[in-house]
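Got chain A sorted already, so can you dock chain B onto it with the hints?
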Amino acid sequence: MGISIRILLLSIVLVCLSASPLTAEEKGAQTDALATIQEQIRELKEQMTRERRAYETKLQEMERRVETLSKKMAEKPEADPEKSLEGDIAQSTADAPSSGPETVWSSVGSAIQSMNPEIAVSIDTLYYNDNTENGVGEIIGQVGGFGHADSHEEDHGHAHYFDKGFNLRLVELYLGAAVDPYFTAYTTLGYHNGIFEVEEAVFQTTCLPAGFQVKGGKFLSDFSRINRQHPHEWDFVDRPLISALVFGSHGLLETGAQLSWLAPTPFHLLLGLEAAQGDNENTFNNIGGDHLPDHSGPRLLVGWLKCSPNLPNRHGLQMGLFGSSGKNQETDDGNEDGTEDHWLDGNSSFWGADFVYKYDAPKEHGQGDWIVQGEYLYRRIDLDVVGHDLNPALVGRSLVKNQDGFYIQGVYGFLPRWRSGLRWDMAGLTNEDRYPTGNWDDFGTSCRFSGMVDFSPSEFSRLRFQTSYGDWALADGNREDFWQVFVQAIVNIGAHGAHGF
Amino acid sequence: MKMDKSIGCSRLLWPVVIAFMATCLTWTSPRAEPIKIITSTTDMAAIARAVAGRHGVVGSICSGEEDPHFIQAKPSHMVMVRDADLWIRVGMDLEIGWEGPLLDGARNMDIRVGGARHLDASEKVMRLEVPAGRVTRAMGDVHPQGNPHYWLDPLNARIAAKSIANRLCRIEPKHAGDFRKNLVLFRESLDFRMFGKGLATKYGGARLWSLLLKGELDNFLKGLPKDGSPGNENLGGWLGRMKPFRGQKIVVYHGSWIYFTNRFDLVVIAEMEPKPGIPPSPSHLSRVIETMKAERVKAVIMEPYYNRKPADLAASRTGARVVICPLSVGGAPHIKDYLTLMDNMVDQISEALQTEFSQNKP
Numbered sequence: 269m270g271i272s273i274r275i276l277l278l279s280i281v282l283v284c285l286s287a288s289p290l291t292a293e294e295k296g297a298q299t300d301a302l303a304t305i306q307e308q309i310r311e312l313k314e315q316m317t318r319e320r321r322a323y324e325t326k327l328q329e330m331e332r333r334v335e336t337l338s339k340k341m342a343e344k345p346e347a348d349p350e351k352s353l354e355g356d357i358a359q360s361t362a363d364a365p366s367s368g369p370e371t372v373w374s375s376v377g378s379a380i381q382s383m384n385p386e387i388a389v390s391i392d393t394l395y396y397n398d399n400t401e402n403g404v405g406e407i408i409g410q411v412g413g414f415g416h417a418d419s420h421e422e423d424h425g426h427a428h429y430f431d432k433g434f435n436l437r438l439v440e441l442y443l444g445a446a447v448d449p450y451f452t453a454y455t456t457l458g459y460h461n462g463i464f465e466v467e468e469a470v471f472q473t474t475c476l477p478a479g480f481q482v483k484g485g486k487f488l489s490d491f492s493r494i495n496r497q498h499p500h501e502w503d504f505v506d507r508p509l510i511s512a513l514v515f516g517s518h519g520l521l522e523t524g525a526q527l528s529w530l531a532p533t534p535f536h537l538l539l540g541l542e543a544a545q546g547d548n549e550n551t552f553n554n555i556g557g558d559h560l561p562d563h564s565g566p567r568l569l570v571g572w573l574k575c576s577p578n579l580p581n582r583h584g585l586q587m588g589l590f591g592s593s594g595k596n597q598e599t600d601d602g603n604e605d606g607t608e609d610h611w612l613d614g615n616s617s618f619w620g621a622d623f624v625y626k627y628d629a630p631k632e633h634g635q636g637d638w639i640v641q642g643e644y645l646y647r648r649i650d651l652d653v654v655g656h657d658l659n660p661a662l663v664g665r666s667l668v669k670n671q672d673g674f675y676i677q678g679v680y681g682f683l684p685r686w687r688s689g690l691r692w693d694m695a696g697l698t699n700e701d702r703y704p705t706g707n708w709d710d711f712g713t714s715c716r717f718s719g720m721v722d723f724s725p726s727e728f729s730r731l732r733f734q735t736s737y738g739d740w741a742l743a744d745g746n747r748e749d750f751w752q753v754f755v756q757a758i759v760n761i762g763a764h765g766a767h768g769f
Numbered sequence: 014m015k016m017d018k019s020i021g022c023s024r025l026l027w028p029v030v031i032a033f034m035a036t037c038l039t040w041t042s043p044r045a046e047p048i049k050i051i052t053s054t055t056d057m058a059a060i061a062r063a064v065a066g067r068h069g070v071v072g073s074i075c076s077g078e079e080d081p082h083f084i085q086a087k088p089s090h091m092v093m094v095r096d097a098d099l100w101i102r103v104g105m106d107l108e109i110g111w112e113g114p115l116l117d118g119a120r121n122m123d124i125r126v127g128g129a130r131h132l133d134a135s136e137k138v139m140r141l142e143v144p145a146g147r148v149t150r151a152m153g154d155v156h157p158q159g160n161p162h163y164w165l166d167p168l169n170a171r172i173a174a175k176s177i178a179n180r181l182c183r184i185e186p187k188h189a190g191d192f193r194k195n196l197v198l199f200r201e202s203l204d205f206r207m208f209g210k211g212l213a214t215k216y217g218g219a220r221l222w223s224l225l226l227k228g229e230l231d232n233f234l235k236g237l238p239k240d241g242s243p244g245n246e247n248l249g250g251w252l253g254r255m256k257p258f259r260g261q262k263i264v265v266y267h268g269s270w271i272y273f274t275n276r277f278d279l280v281v282i283a284e285m286e287p288k289p290g291i292p293p294s295p296s297h298l299s300r301v302i303e304t305m306k307a308e309r310v311k312a313v314i315m316e317p318y319y320n321r322k323p324a325d326l327a328a329s330r331t332g333a334r335v336v337i338c339p340l341s342v343g344g345a346p347h348i349k350d351y352l353t354l355m356d357n358m359v360d361q362i363s364e365a366l367q368t369e370f371s372q373n374k375p
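Read top to bottom, the protein sequences are chains A and B.
The first sequence begins at 269 in the working numbering and counts up by one.
The second sequence begins at 14 in the working numbering and counts up by one.
Extracted from the complex, chain A is given alone in its bound form (with noise of 0.2 Å):
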């Protein structure tokens, strides 16, 4: 720009020197004057191509560098594109139409359920109908050897047995949720005949090392599988007969707590202690008061053992042993003028085996699939006399109950979400009380065929329909039978339960 002016200014200056009328001197010194300006033009002329080039130069040089930099830049994703791949991945996840307002929904939503418990709610509904006078829930409580012969038990059988008509059989409510790196928990609340009470409280650990676990709180022994299970998990409606008679419509449901190891065997062999309170009225019961000594608590041990072989897949078998030691105490009406009148005082124990065995056909919907389980249990009650009002030679004298008894089911899935099954149940082969006065009863053997047919619209509910035959043998010598019908819908609302083996 400096140059292109001085060039203006200069040739200015000549034009006017031009244009001007002169002298001789003045001319002579105007042809020097003009030899030095054509001097200074010339110079000037050299000074712009010199900087004319510089500036061609730099600018070639700035092209080459803009050159080599897109080119860089081009071939920026070429060195990575495995890079360039993952963005575009990201990309095109973030542009999914199911992204915008619901996404923020749904996260809001997962992290309300994943700073909540799981929560499920199962409703158990039955219709149930049978041929006897005044309901099998009467006669449960007479079968003989099992049970008390005193009136209160009676009345304890027949509350927690089904009405003629329609049953709300139960309502669980099940809550559950990890409680931190070390433990899970979970409780499930039932509503049963009026009353809402806590079946199951359980913490249980997750961080022992070596296979152990440990348990506590309020839980349904896991010594046998009908046992631990609910009974809307069940096969059929009702709990199997020696299960009933000897744990009562609860099952063996206890306070204690229990450590279990999985042995590191390359098959599954889980091993199992439970030390409880011993609250069972049916088998371990503590009565205490004026006439019995109060045992302090744990007053009951459970111990088992579970074996699974490897099988092929489809084929799942799990075996059991069990057995068990704890307290008892009965007090018994002798004359039966409503007042208790002697006392008892000892030990039961309980043992046996079960089994299951689970076939998963290559068909849809549990079409082929099998289930046969069965254990056999046999109990002993040992008690001594500890006081008799009306009989005291008696006092210290033994009185022995030993009772027996299985069960034996089939479950086939004919359709797809349709089963059917068929379960026989028998107790009291061994059937024999040994009294204080050294006479003995030998009670008769009590057996119940049932056969169901279930059908499960969606794995959250299930309608079925059994039918049961029994011919039970009563404290009082007699026989009774009789034919049951139930009709029954389970629905499962809240989170996923997925059951155990």
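Wrong hints could be hidden among the right ones.
Said to hold, decoys possible - Keeping only pairs whose Cα atoms sit at most 30 Å apart, straight-line, the calculated DSBU-like set for lysine-lysine is:
hint, chain 1, residue 1, chain 2, residue 2
1, B, K227, A, K631
2, A, K595, A, K483
3, B, K215, A, K339
4, B, K227, A, K351
5, B, K137, B, K227
Worth flagging that the hints you see were computed from the coordinates, not collected in a lab.
Chain B alone, transformed into the frame defined by chain A:
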């Protein structure tokens, strides 16, 4: 005399004690054993096997013939998971019916959800059918996190392989180099099959995937000089073979195929199940048949473990073909790894779509 006896006893006892202690020590001391990886399905097992290479022993809970939605968590499965160094699940609630009791029963703290050796292979994949809004069970088996059959999109297999490699590098850093090398090899062979060897070699699989994702692959291929030089040939591989069928309408039994149909541009016009997990009812089936007739659907695609009668009925009424296609590695004897799974799927589906109607029914 008594002293002598006790010394004799201890002489006998010492070797026994030493032998016992030695056994204990060898039992507990870490051995240079391969990493034990247990996966929920065979597909994840196949990918893990490719990535872990000789450093891993891989097993899976489901066989390829079983429906992974409905697996019974057996005690023997718990033993497998107990001994695992890494648990890999498909995720997105596919295993929700059985994973909980399995991991609880295994008593292996590290493989529990959130543990260092628990890998959810879905964490980085591209999800489809993520429900927008509230999900209720009245909709059937809808997975709130989206359709979990994502491995049928080869790109997701590629992503899952990366997640697996990353996790393996973290838990076994001394073999990290090998895992990365195996990952590159797996990606390379997958990209060869997807796009054809020539294209994938010249331009790199990742670049082709990027172009495909952005919808620019067709234009890119058109722009290539058709001079017959290596690498400039037409689209090959699975994508090339499925290209003639883009936009074709098909019917599926269960909504398992969305990732495949989405990747290869097929259109699922109807499902045999009225709702996910609910078997076909007669009225729904007749609606499906009407749709098939109207849209001239050539193929009904279904997994081997569903009842094929409804599909056969629909096929016989419309002239369409029923394609019983394994969804998982091991679903047929010759499907031994991920690439043969996809090979087979492309084979079966393209074959069904290219044949003319078997009977000319309207």
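To see whether the hints hold, each was checked on the structure:
no. : hint            : result
1   : B:K227 - A:K631 : violated (41 Å)
2   : A:K595 - A:K483 : holds (22 Å)
3   : B:K215 - A:K339 : holds (19 Å)
4   : B:K227 - A:K351 : holds (15 Å)
5   : B:K137 - B:K227 : holds (18 Å)
In the structure shown, a violation is registered for the earlier hint numbered 1 alone.
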